[in-house]
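These protein sequences, in sequence, are chains D and Y. Yeah, the first sequence ends on 514 if you go by the numbering used here, and it's all consecutive. Yeah, the second sequence ends on 309 if you go by the numbering used here, and it's all consecutive.
One should not assume that every hint holds.
[Said to hold, decoys possible] Among chain D residues calculated to face chain Y with C-beta under 10 angstroms, some are:
#1 R183
#2 S230
#3 K259
#4 V395
#5 F414
#6 F418
For the record, the hints were derived by calculation from the structure and aren't laboratory data. None of the values given here were measured: they were computed from a predicted structure. A virtual CB, placed ideally from N, CA and C, is assigned to each residue, including glycine.
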Amino acid sequence: MMRPIVALSVAALLVVASGSGTAPRAEAQVPDVLVVAQGVDMQTGDPHRTTLTHAVNVLANFYDTLISRDASLTLKPGLALSWRAVDATTWEFKLRQGVKFHNGEPFNAQAVKFSFERMLDPKTRWPGAGALRLIKAVTVVDDSTVRFTTERPWPLMPRFLGYYGMIVPPGHLAQNGEEALVRHPVGTGPYRFVRWVKDDRVELEANADFWGGRPRISRVVFRAIPSESSRLAELLAGSVHLINLVPPELFKPIQESSKAKLVEGRSLSVYFVIYNLVNIARDRPLADRRVRQALNYAIDRQAILASIMHKVGRSVPTFCTEVMLGCDASVAPFPYDPERARALLREAGYPNGFEFSITTTSGAYPGDRDITLAVADQLNRVGVRARPNVTEYGVQLKAVQSRQLAEDGWFTRFTDFFGLSTIIPFRAFYSQGEWSLWRPGNREFDQPLEAANVATDEAQIRDLSRRVQLLYKEEAPAISLFTAPNVYGMHPDLEWTPRPDLLLTMFDAGWRRR
Amino acid sequence: MTAYVIRRLALSLVAMFGVITIVFVLLHVSGDPATLLVSQEATQDDIDRIRQAYGLDQPLSVQYARFAARVVRGDLGFSYRQGLPVAELIVERLRATFELALAGLAVAVLLGVPLGLIAAARHGSAVDTAAMTLALLGTSVPSFWLGLLLIIVFGVQLRWLPVSGYGSLEHLLMPAFVLGGFYAAQISRLTRASLLEVLAQDYIRTARAKGLAGRAVLLKHVLRNAALPVVTVVGLDFGRMLGGAVVVETIFAWPGMGRLAVQAVLGRDFPVVQGAAIMGAAVFLAVNLIIDLLYGWVDPRLRAAAHRA
Numbered sequence: 001m002m003r004p005i006v007a008l009s010v011a012a013l014l015v016v017a018s019g020s021g022t023a024p025r026a027e028a029q030v031p032d033v034l035v036v037a038q039g040v041d042m043q044t045g046d047p048h049r050t051t052l053t054h055a056v057n058v059l060a061n062f063y064d065t066l067i068s069r070d071a072s073l074t075l076k077p078g079l080a081l082s083w084r085a086v087d088a089t090t091w092e093f094k095l096r097q098g099v100k101f102h103n104g105e106p107f108n109a110q111a112v113k114f115s116f117e118r119m120l121d122p123k124t125r126w127p128g129a130g131a132l133r134l135i136k137a138v139t140v141v142d143d144s145t146v147r148f149t150t151e152r153p154w155p156l157m158p159r160f161l162g163y164y165g166m167i168v169p170p171g172h173l174a175q176n177g178e179e180a181l182v183r184h185p186v187g188t189g190p191y192r193f194v195r196w197v198k199d200d201r202v203e204l205e206a207n208a209d210f211w212g213g214r215p216r217i218s219r220v221v222f223r224a225i226p227s228e229s230s231r232l233a234e235l236l237a238g239s240v241h242l243i244n245l246v247p248p249e250l251f252k253p254i255q256e257s258s259k260a261k262l263v264e265g266r267s268l269s270v271y272f273v274i275y276n277l278v279n280i281a282r283d284r285p286l287a288d289r290r291v292r293q294a295l296n297y298a299i300d301r302q303a304i305l306a307s308i309m310h311k312v313g314r315s316v317p318t319f320c321t322e323v324m325l326g327c328d329a330s331v332a333p334f335p336y337d338p339e340r341a342r343a344l345l346r347e348a349g350y351p352n353g354f355e356f357s358i359t360t361t362s363g364a365y366p367g368d369r370d371i372t373l374a375v376a377d378q379l380n381r382v383g384v385r386a387r388p389n390v391t392e393y394g395v396q397l398k399a400v401q402s403r404q405l406a407e408d409g410w411f412t413r414f415t416d417f418f419g420l421s422t423i424i425p426f427r428a429f430y431s432q433g434e435w436s437l438w439r440p441g442n443r444e445f446d447q448p449l450e451a452a453n454v455a456t457d458e459a460q461i462r463d464l465s466r467r468v469q470l471l472y473k474e475e476a477p478a479i480s481l482f483t484a485p486n487v488y489g490m491h492p493d494l495e496w497t498p499r500p501d502l503l504l505t506m507f508d509a510g511w512r513r514r
Numbered sequence: 001m002t003a004y005v006i007r008r009l010a011l012s013l014v015a016m017f018g019v020i021t022i023v024f025v026l027l028h029v030s031g032d033p034a035t036l037l038v039s040q041e042a043t044q045d046d047i048d049r050i051r052q053a054y055g056l057d058q059p060l061s062v063q064y065a066r067f068a069a070r071v072v073r074g075d076l077g078f079s080y081r082q083g084l085p086v087a088e089l090i091v092e093r094l095r096a097t098f099e100l101a102l103a104g105l106a107v108a109v110l111l112g113v114p115l116g117l118i119a120a121a122r123h124g125s126a127v128d129t130a131a132m133t134l135a136l137l138g139t140s141v142p143s144f145w146l147g148l149l150l151i152i153v154f155g156v157q158l159r160w161l162p163v164s165g166y167g168s169l170e171h172l173l174m175p176a177f178v179l180g181g182f183y184a185a186q187i188s189r190l191t192r193a194s195l196l197e198v199l200a201q202d203y204i205r206t207a208r209a210k211g212l213a214g215r216a217v218l219l220k221h222v223l224r225n226a227a228l229p230v231v232t233v234v235g236l237d238f239g240r241m242l243g244g245a246v247v248v249e250t251i252f253a254w255p256g257m258g259r260l261a262v263q264a265v266l267g268r269d270f271p272v273v274q275g276a277a278i279m280g281a282a283v284f285l286a287v288n289l290i291i292d293l294l295y296g297w298v299d300p301r302l303r304a305a306a307h308r309a
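This is chain D alone, in the form it adopts within the complex:
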């Protein structure tokens, strides 16, 4: 009774094996489709419904913003050819002519006005509306000229419009309803939408009429593969050509394989262990700035970078990286000096250290748990009894946002998509900051940040930012660590420059001819 079944199974396996043998897997020839894999599927095709990076990374292929940025975050013409400040509270943009949406509808000033009004409309519930709240009105001057009026002077508005503000087709939405883009994106971008199999893939094809020229690669597929190991396996098997957010523990297999290469992009993200200073009592150790500085001296950042991060990343003195405007390279980092750490602790009255609990996630950020464990270990060596506590991301975020975090330290990552050094401190350390654990905070620290917010030119901002950076070294509201990795695994013949803003725009991707 068994024998027929055995025979059948063996036969089936052989059929499958021989059948698969004929299907070409990406080999020495240049693949005709570029396959990119992320961990999560795009959530929606409508750019005004989300700011989640997994969606935005893909949507940036369908939609354009007025201003483009290159891989160094230099502002370039996008849908707008030029822009100038007419007066302190008015920006004028000259738009590109002859551009069409994927459905044939013309792009013009009306589309810009419509898109921004839609973005900022409370009914749309766009989570990014807060970042653009200074925009009071958008007026059409003529078909290719549009003006933005702001609540108060906003000299840095172009920087924000280099990342936010995707333009959508008003006619298409009027005809097909408000939800028309959710399942089927239509924009002006280098790629048009072909198909979306939920939680599996989004298929794109080149837009031959794209204003920036026809993309080099004509077909792109974005796949959603939740498991990091599976993404890596796909890369090594050659069926996926680009994976993002590679965690440090997987750097080595990619570096050692001849089937893939590891490419590092510049980072707009910084890792910290932020001190929980919410209504902290005067007699607690962290209330004393000497203690807060001491812990910074106790960390050997280079050792962590060399080991856990496989040398990917740079030490960060305060809260900004060199790609950000106003980040002052002359501000020195905290050196690794455990003796000084111990001396400061003794001076502050803690010769025998103290208890310090740190909350961390596991897998939310590349290397998160391992870095926290290393930090805790190094703190223990100077007498601070550090205890890491691994939590789930949602639980941790809720505790922080409601200012009810139980632990003394919060390991986290902050990202600044706009490339402005004052943004991270404004979110994380300003006393009214959304994610700030420094309450009631420090007036002296707050004041230059508030001034930077209403500054009228770049020089002023650089100046104020430098002041904040120096104050940060004094007050040390966190343990600064280093840049978070922005690492990609790629097919060896794929030519593509990673972006610091994590976007997966494939317009300039190409295959190297062997």
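Starting from the known structure of chain D, fit chain Y onto it as the hints suggest.
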């Protein structure tokens, strides 16, 4: 019989409401969808506005009342993250979920039953021990480990099968094997035990004594009786495969219900989690009910008891 079915359906509804309430409370207590929907650029205004829009600033009892009222009307709401109706999101993934569950079931039965049969037929021998050791391995090996191992061997090194994804029979093979393999082990042990129990019965000895040929004994008496508990367990396993193949779906990037549910939990997408919980509970209860009815119909003794009840 009808009274029995109606009573079971009513009890099922009560059970479902219980599940939904527990899920609701756990969800709302454990995390905040608003903070997870926004990026770090969001202002307090953005966060508050989102909370307000989804009614999350209302007291828990109010939210529950609204939710219960919608569910009773059959309205599962809209996903916070995707902005699409929950019902649509679930339907999109039904086909893939069913495909995987059916394939897993096929693997479980085609591997498990024969294995159990051989073990019972060669009861006490080395073959029996080997078969049962294999079954033990099947239950003990973690599915993610087995999955990754298969991926490395068949996907990366041999390149016989695609590593992950959806769309063809080749994509289905490894996930079905990993999913079914676990249940196959359990089914083989049950098959063996059930066969051995039946083979020891008096009526089997009687049948043989009557002079019935070995094959006839097997087909008419042994298999039919031994099949009952196996059928029950197979049915229950199918229900479980439908509801929760999360690990397999994650490793093999299979676009099923399990993945939808887990991602929704991590992102605190309340309506989707609640919808998935309702689906899962409904499927489980339905499968249970069908099996009970089937069992009652197949076994004449139970049928008589049901009539009397």
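*Hint status (Cβ of D:R183 to nearest Cβ of chain Y, threshold 10 angstroms)*: 7 angstroms, holds
message: Is the interface hint satisfied for D:F418? The criterion is a beta-carbon contact with chain Y at less than 10 angstroms.
response: This interface hint holds because 8 angstroms falls under the 10 angstroms limit.
* To do: With a cut-off of 10 angstroms on the beta carbons, see whether D:K259 makes it to chain Y.
  => 9 angstroms, holds
Report task. Double-check D:F414 for me: the hint is only fine if its C-beta lies closer than 10 angstroms to a C-beta in chain Y. Result -> Holds, about 6 angstroms.
task = Grab the minimum C-beta distance from D:V395 to chain Y and call the hint holds if it beats 10 angstroms, violated otherwise.
result = 6 angstroms, holds
Legend entry - D:S230 as chain Y interface residue, shortest Cβ-Cβ below 10 angstroms: It holds, given that the least Cβ distance between D:S230 and chain Y is near 5 angstroms, below 10 angstroms.
The earlier numbered hints are all upheld by this structure, with none contradicted.
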